[in-house]
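A.B. asks: Chain by chain, the residues run as shown.
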Amino acid sequence: MSAQAAAVVRVPPRRGWFRALGSTLGLPGRVSSAFLLLVVIAAVLAPALTPTDPNTTNLLESFQGFSAQHWLGTDSTGRDIAARLIFGARTSLLGPAAIVVLALAISVPLGLVAAWTRGWRAGLVNRAVDVVFAVPGLLLAILTVAIFGPGLASAVSALAVAYTPFLARVVISAAEAQRRQPYVDVLTVQGVSPVRIMVRHVLRNIGPIVVGQATITFAYALLDLAALSFLGLGVQAPQSDWGVMVSDRDAVLQDHPQQVVIASVVIVLTVLALLVVGARLGGETVTRRGAARRRRKERS
Amino acid sequence: MPALVQLLARRLLGLLATLLVASFVVYTSIYLSPGSPESVLFGGRQPSPELLAAARAHLGLDEPFLVRYFHWLREVLGGDLGTSLISQQPVTAKLGHPLEVTVLLVLYAAAIIVVAGLGLGLLSALNPGIVDAGITGLVSVATAVPAFVASSVLISVFAVRLGWFPPFGFGDSVGGHLRALTLPAVSLAIISSGLVARVTRAAALEQNSSEHVRTAVSRGVSRRRIIRTHVLRNAAGPIATVTGLQVAGLLAASVVVEQAFGLGGLGQVLISSVQQKDFPVVQAICLLLVAAFVVLNLTADLIGLLIDPRARKASTA
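Line by line, the protein sequences are chains A and B. In terms of the working numbering, the first sequence has 17 at position 17, counting the first letter as 1, and numbering is strictly consecutive. Just so we're on the same page, the working numbering is the position in the second sequence counted from 1, plus 1000.
Note that these hints are calculated values from the structure, not bench results. Do not take every clue at face value.
Stated by the list, open to error - Some chain B residues near chain A, calculated using beta-carbon distances under 8 Å:
no., residue
1, LEU1032
2, SER1140
3, GLY1249
4, VAL1256
5, ILE1271
6, VAL1282
7, PHE1293
8, ARG1312
Computed from a predicted model, the values in this text were never measured in an experiment. Don't be surprised by glycine CBs; every beta carbon is placed ideally from N, CA and C.
Whenever a hint applies, use it, and build me the whole structure from the sequences.
C.D. replies: What follows is the structure in structure tokens.
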């Protein structure tokens, strides 16, 4: 529904792609992207940014406050919180990135096939999507960990499978909307092969919606992975991860919530930024602006 | 209405097929595991071949795979979920109390989601301007606060600093249960409340700007009555569906919260069984949670159809 609206309303931008992106994102989207860029840079440059090693313990320096030596203080075993946060950004971002790439690699071809064919192939994809939908992602991940043991690899592959139906549904509905567009008939009459139509035209037109949904998926994958690490089933100690940092329950019960609160704030801000950018890219602004315009027209 | 009955029958058939596939996956998945069930039984010891064969016969592992699956399925349908490999207890007995905890937790969280989600959504839709902007901002942040983050922060503030609620445990009396479940239920409800509030706001705004509401306003119908019979009645379908889907999703999310608060619910038993490789318990809990999730999802869809005749017409046509 919104997919169709977005496809109809969006006019090809005449300006450069960078400015077009800026106007699509709007102010909240631009602020969010800037924040995300900062997090990515921190993750990439982690060793250069922190003089302290994230895994060096020093029991004499546990639970310290903010200082010049330890910007964000230290945790229960005297490890530098800032260093763990910055190094933790690596696992916290790489995991969801792998999940989204895997899920896209499965869902885009399947979704296009399901949208373009009738009969058993479309039916098969739809049934498979329904069945995977019936298993909550976190549960599938826990089951996988039960079988293959804890770790990032099992968690990532399980969540990639679990998120595939979400992306596949978006691809299917967006591609079906494209299929009804006149240009598809025109190209078909000209003898262009369906594969070429899909790859060169349909994929490009549904791109923004799929990228938007993928960004939202990234946010929820980040949350699920962090939740698994929180449960002790994802990233394993002593490796740093935001979910692991939040899980220090003893520190909370001893009234030293510093590390937990800092990591929580970073997780919430990152997810919020991803959700804002995803919603903007996916065309929420277009529909909302369209709705506002409709309302204004009705009033006048 | 035969069309509706037909729709219901089709959805039920789909549900049964989904459950069958899910049960097969859950049953099979255990056999993909590197450690076999009988090796858990013997721990680290090396059994003699005769003992191993006896154990395999006892567990029914000497039969062909499909036979074992149908055997297991028949027992599950008969209410027998097997025996725990670790405690040798029947799984159904082991899961009785945890199930109670999880159901209470999910119901409590569902109540919060309905009240907070509907309330905030309506409040922001009916008060444009600063109230709307404030609530919309709050709701956006809420949709990014996962249960494990919320639980850690809530424990720190309300259990450790203020001491209003216990930091863990399920409590002894009914009042104790409610007190002990408050923080977990709130942690669990935050994301879903935000999503429900967002959908409520959008649906109410859409109705507010529609012609039938404007006609009602010009007829001089009171604001309260317009909201109740024109805005809410028409917006109810999508709101009910989204709320139902969110409540179904709580089942899986409750695993995290139960672990954080040490409530001893299904999720916590699941995690400890995963760590001990107690396969029958893992299978039973996964199957229970998937079944509940699927049934709740279907219920949410059906409630949406029952409330909204237009949706009913669209899906039966």
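A.B. asks: Take the hints in turn and mark each one as holding or not.
C.D. replies: Structure-based check of each hint:
1. A distance limit of 8 Å between C-beta atoms decides the matter here; for LEU1032/B the minimum to chain A is near 5 Å, and the interface restraint holds.
2. Satisfaction of the interface hint for SER1140/B is found here, the shortest Cβ-Cβ separation to chain A being roughly 7 Å, below the 8 Å cut-off.
3. Taking 8 Å as the C-beta cut-off, the interface hint given for GLY1249/B holds, the closest approach to chain A being about 7 Å.
4. Because the beta carbon of VAL1256/B sits about 5 Å from the nearest beta carbon in chain A, less than 8 Å, this interface hint is met.
5. Annotation: interface hint on ILE1271/B holds; nearest CB of chain A at approximately 6 Å, less than 8 Å.
6. Because the closest C-beta pair between VAL1282/B and chain A is about 5 Å apart, less than 8 Å, the hint holds.
7. Proximity of PHE1293/B to chain A holds as hinted, the smallest CB-CB distance being about 6 Å (cut-off 8 Å).
8. Taken as an interface hint, ARG1312/B does not check out: its beta carbon lies about 18 Å from the nearest beta carbon of chain A, beyond 8 Å.
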